[in-house]
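Taken in sequence, the protein lines are chains V and H.
So for the first sequence, the working numbering puts the first residue at 9; every next one is plus one.
So for the second sequence, the working numbering puts the first residue at 14; every next one is plus one.
Because the hints were derived from the structure by calculation, they are not lab data.
Be aware that a few hints might be false.
The calculated lysine-lysine pairs, modelled on DSSO-like cross-linking and capped at a C-alpha distance of 30 Å, are [said to hold, decoys possible]:
1. V:K350 / H:K363
2. H:K215 / H:K229
3. H:K439 / H:K394
4. H:K394 / H:K429
5. V:K350 / H:K361
6. H:K423 / H:K440
Partial pick of chain V residues on the chain H-facing surface, computed with a CB cut under 7 Å [unchecked claim]:
7. E49
8. G60
9. E82
The beta-carbon is built from N, C-alpha and C at its ideal position, and this holds for glycine as well.
Each chain, written out:
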Amino acid sequence: MGALYGGCRFFASYPITPASTLLSVMLETLPAVGGTVLQGEDEIASIGYCLGASMAGMKVMTATSGPGLSLYSENISFAIAGEIPIVIVNIMRQGPSTGSATRGADSDVQFMRWGCSGGLPVIVLAPADVSDCFTLTVHAFNLAEKFRCPVFIASNKEIGMTSQTLDMERVEKPPIVDRTFHESGPFLPFQANRGEDVPAFLPIGGPILVRQTSSTHGPDGYITTDPSEIQSGVERLQKKVEANIASFSYFDLEEREGARTLIVTYGITAGAARAAAAELFERQNIPVSLLVLKTLWPVPEQVLHASAAGMERILVVEMNLGQYVQEIRRVLCNQRVDFYGKMSGQLISPSEIIEEVLGG
Amino acid sequence: MDSLLNPDRPPLFCPGCSHDRSVHVLDRALQKLGLRGSEVVIVSDIGCSGLFDTFFNTHAFHGLHGRALTYAAGIKLAQPDLKVIVTMGDGGLGIGGAHFLAACRRNIDLTLLVLNNFNFGMTGGQFSCTTPEHASVSSSFLNVLEKPFDLCHVAACAGAPFVARSSAYRKDLPELLKQAISYKGFAVVDIWGGCPARYMKKNPLSPKEIEAAIEKLPPYQGVVSTNVRREYSSHYREAAARDRGEVHWQGTERIFEPTVRERREVVFLGSAGQRVITAGGLLGRAAILAGMNVSQKNDFHITVMRGPSVTEIIVSPQVITYTGVEQPQVIIALAHEGVRRCWELFEKMKKGGQIILTAGVEIPPSHGEILEVDFKAAGIKKKEMALAALYLLAQHGDPITAEMLEEALKQTFQGKMLEEARLVMKKAAAIPI
Chain V
9 MGALYGGCRF
19 FASYPITPAS
29 TLLSVMLETL
39 PAVGGTVLQG
49 EDEIASIGYC
59 LGASMAGMKV
69 MTATSGPGLS
79 LYSENISFAI
89 AGEIPIVIVN
99 IMRQGPSTGS
109 ATRGADSDVQ
119 FMRWGCSGGL
129 PVIVLAPADV
139 SDCFTLTVHA
149 FNLAEKFRCP
159 VFIASNKEIG
169 MTSQTLDMER
179 VEKPPIVDRT
189 FHESGPFLPF
199 QANRGEDVPA
209 FLPIGGPILV
219 RQTSSTHGPD
229 GYITTDPSEI
239 QSGVERLQKK
249 VEANIASFSY
259 FDLEEREGAR
269 TLIVTYGITA
279 GAARAAAAEL
289 FERQNIPVSL
299 LVLKTLWPVP
309 EQVLHASAAG
319 MERILVVEMN
329 LGQYVQEIRR
339 VLCNQRVDFY
349 GKMSGQLISP
359 SEIIEEVLGG
Chain H
14 MDSLLNPDRP
24 PLFCPGCSHD
34 RSVHVLDRAL
44 QKLGLRGSEV
54 VIVSDIGCSG
64 LFDTFFNTHA
74 FHGLHGRALT
84 YAAGIKLAQP
94 DLKVIVTMGD
104 GGLGIGGAHF
114 LAACRRNIDL
124 TLLVLNNFNF
134 GMTGGQFSCT
144 TPEHASVSSS
154 FLNVLEKPFD
164 LCHVAACAGA
174 PFVARSSAYR
184 KDLPELLKQA
194 ISYKGFAVVD
204 IWGGCPARYM
214 KKNPLSPKEI
224 EAAIEKLPPY
234 QGVVSTNVRR
244 EYSSHYREAA
254 ARDRGEVHWQ
264 GTERIFEPTV
274 RERREVVFLG
284 SAGQRVITAG
294 GLLGRAAILA
304 GMNVSQKNDF
314 HITVMRGPSV
324 TEIIVSPQVI
334 TYTGVEQPQV
344 IIALAHEGVR
354 RCWELFEKMK
364 KGGQIILTAG
374 VEIPPSHGEI
384 LEVDFKAAGI
394 KKKEMALAAL
404 YLLAQHGDPI
414 TAEMLEEALK
424 QTFQGKMLEE
434 ARLVMKKAAA
444 IPI
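I would like the entire structure built from these sequences, with the hints used as guidance.
Here it is in structure tokens:
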């Protein structure tokens with residue numbers, strides 16, 4: 009629904025549990041509004057179809073899980089290099105490798121950020137519940153269009169395959185953003201206007217010729233070997249995403265007066281953390297604050313600093329063996345950062361979190 | 014029409030390379046068709062064939078090795094009027110084999126030019142999927158051990174409706190490319206040529222020898238009549254248009270008062286075929302009709318028709334934060350597969366909890382109050398058990414009532430399905446408890 013609302017008109021993916029539901033739902037809905045849905049022969053093809061369609065002017069999305077994400081890797085680098093807007097839904101499952109197809113985990117939190125060559129930034133948004141799935145998907149399309157880069161929805165089997173009631177009237181529906189089209193003057197496909205970091209777009213197939221290339225290129229879209237042009241090109245790709253993090257740092261902060269511990273979590277574990285923090289306060293009169301991050305990459309460092317200010321202890325909880333906690337430790341290097349997590353395919357429960365809070 | 018070659022970027026292939034010739038042949042074919050640059054996109058692969066797009070004043074898309082056909086398909090589906098031409102070497106064909114087969118089967122209106130020079134020229138002359146067994150290449154003896162494939166034969170077998178093979182040196186090649194490009198469907202042209210920098214150093218290959226080698230193979234000259242069929246993208250649009258309409262997201266109106274004040278966790282532990290997940294869905298829908306929040310989480314084997322089937326339903330007047338089960342109020346134990354999967358759940362049940370137990374199913378000790386039911390004796394079939402158990406739960410009124418269940422049934426099933434469901438209710442009502 010969020011994708012449809014966000015303007016998605018092209019979707020391609022390869023069946024993989026727990027992301028196949030998206031393929032079925034998109035097939036039910038997208039052709040009916042004039043959109044296109046393809047079932048690719050593999051994951052590489054699926055993202056490839058999307059990149060072609062995006063360059064031809066469409067808002068595109070694909071969906072997969074860990075094993076499929078591995079196969080997306082090279083095309084993700086291409087989407088970064090070629091500045092091709094795309095939304096990638098990753099319904100994370102328990103890994104490594106084939107792992108458990110029907111068990112959830114936050115397996116790919118570092119993989120999404122670093123799983124491709126070049127090391128340039130991508131945007132990763134993590135929904136905590138079904139309402140976030142709508143809102144963050146709309147944001148994801150907006151950000152992909154605005155910054156011309158891949159944007160991930162880091163979901164989890166426990167969100168993707170769990171049905172939940174949703175009051176649509178209460179769901180935040182952000183306004184739609186479209187990519188900026190080139191309007192006048194000579195067109196260079198990778199030339200950002202003065203003072204901007206994102207080049208204006210024209211579709212392949214229009215009256216003005218457009219070049220797209222995965223090779224290192226200058227503003228004209230032809231291969232360049234000029235070191236200063238190469239350096240300024242990759243720096244622009246980095247800056248256009250990282251310098252704007254403040255404009256898309258999504259999070260929920262539950263502050264409780266007198267709290268000495270801040271729980272930091274994201275995704276499906278946010279629900280258990282909310283329940284844990286509420287129970288600690290209501291039944292045991294122990295105030296604990298809770299930060300639910302919804303933008304994971306780039307790391308919203310300002311949000312972390314502001315939320316953790318004055319806290320004696322930061323407890324990071326995630327459904328893996330400790331991935332995002334590395335970032336929290338890096339950013340909050342002067343504070344005590346503890347970790348609780350597991351990757352057994354089971355949800356982390358409120359009672360486990362309470363035990364960790366009390367045991368610290 | 015004028016040439017579409019880019020005067021600022023003349024072809025820069027090695028002296029004697031057949032690709033140079035192919036660039037000019039393609040240009041002549043585009044001229045014959047009277048196409049403007051903005052009406053064409055050249056999607057190029059990796060390797061020397063990946064340079065083709067840079068020599069033309071057309072739209073251009075240069076992507077990853079072997080994946081050119083995937084980008085081309087995406088572009089064509091989004092821009093149906095554009096002429097989409099893919100240039101790929103024998104290397105790209107090998108690594109992108111799955112895409113080649115899919116393109117042949119799908120029949121999107123693309124033209125694939127395979128610039129076949131029997132080796133990986135750019136990376137040092139290694140063998141490819143078309144390198145002859147007898148050739149001497151930089152992969153030592155490896156190519157001797159593998160059989161090269163006839164890509165035209167593969168294309169025809171996989172369903173390509175237009176397949177042609179030609180030497181890059183043939184005089185009438187522009188005309189053949191014109192036919193391929195104007196063909197409404199997937200067209201493959203296997204263009205044989207020589208790589209002077211690598212392959213031809215140890216394997217001399219004159220235009221005459223190429224011609225002679227092609228003569229020996231089964232001829233492919235264009236339309237493969239047995240594969241002629243509708244083009245995919247126009248067919249797709251037509252098929253999609255048939256069920257075109259507004260997408261309606263139907264909400265559910267609250268028509269009952271909430272039955273519970275606190276969160277309830279109900280778990281069905283069954284086996285495949287008992288319609289456990291359907292029953293869970295009905296319970297959820299019934300609760301939604303009373304304006305309550307619901308979540309449903311299922312667990313079953315990937316072989317969906319065998320093994321345990323578990324569904325966890327949470328019903329709450331408050332927002333559901335944690336979607337897992339910490340303390341079930343109700344366990345419906347229908348089969349040992351499900352019970353065994355969730356054995357530890359029984360320990361978590363507190364006093365006041367309720368267990369609906371199928372006679373003969375073993376469960377661990379717990380604080381729950383057990384209602385043992387012999388579904389079989391009541392004439393309730395396997396596929397009716399979960400629904401019958403749900404009926405018994407609704408009689409209890411917590412977390413749904415019989416009226417709520419009846420309404421949920423009416424909203425979920427129609428016609429015969431509804432009649433069958435009501436019959437199950439009747440049989441369940443007759444169970445002596």
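Hints, one by one, checked against the model:
1. Proposed proximity of K350 (chain V) and K363 (chain H) is supported: the alpha carbons are some 26 Å apart, at most 30 Å.
2. Under the criterion of a C-alpha separation no larger than 30 Å, the hint pairing K215 (chain H) with K229 (chain H) is consistent with the structure, at around 22 Å.
3. For a cut-off of 30 Å, the pair hint linking K439 (chain H) to K394 (chain H) stands: about 13 Å separates their Cα positions.
4. For the suggested pair K394 (chain H) and K429 (chain H), the alpha carbons sit about 17 Å apart, so the restraint of at most 30 Å is met.
5. Taking the CA atoms of K350 (chain V) and K361 (chain H), the gap is about 21 Å. The hint holds against a cut of 30 Å.
6. A distance of roughly 18 Å separates the Cα atoms of K423 (chain H) and K440 (chain H); the hinted pair therefore holds under the 30 Å criterion.
7. Given the 7 Å rule on beta carbons, the hint for E49 (chain V) holds: about 4 Å separates it from the nearest Cβ of chain H.
8. The beta carbon of G60 (chain V) comes within 2 Å of a beta carbon in chain H, closer than 7 Å, and the hint placing it at the interface holds.
9. The restraint placing E82 (chain V) at the interface with chain H holds, with a minimum CB-CB distance near 5 Å, inside the 7 Å limit.
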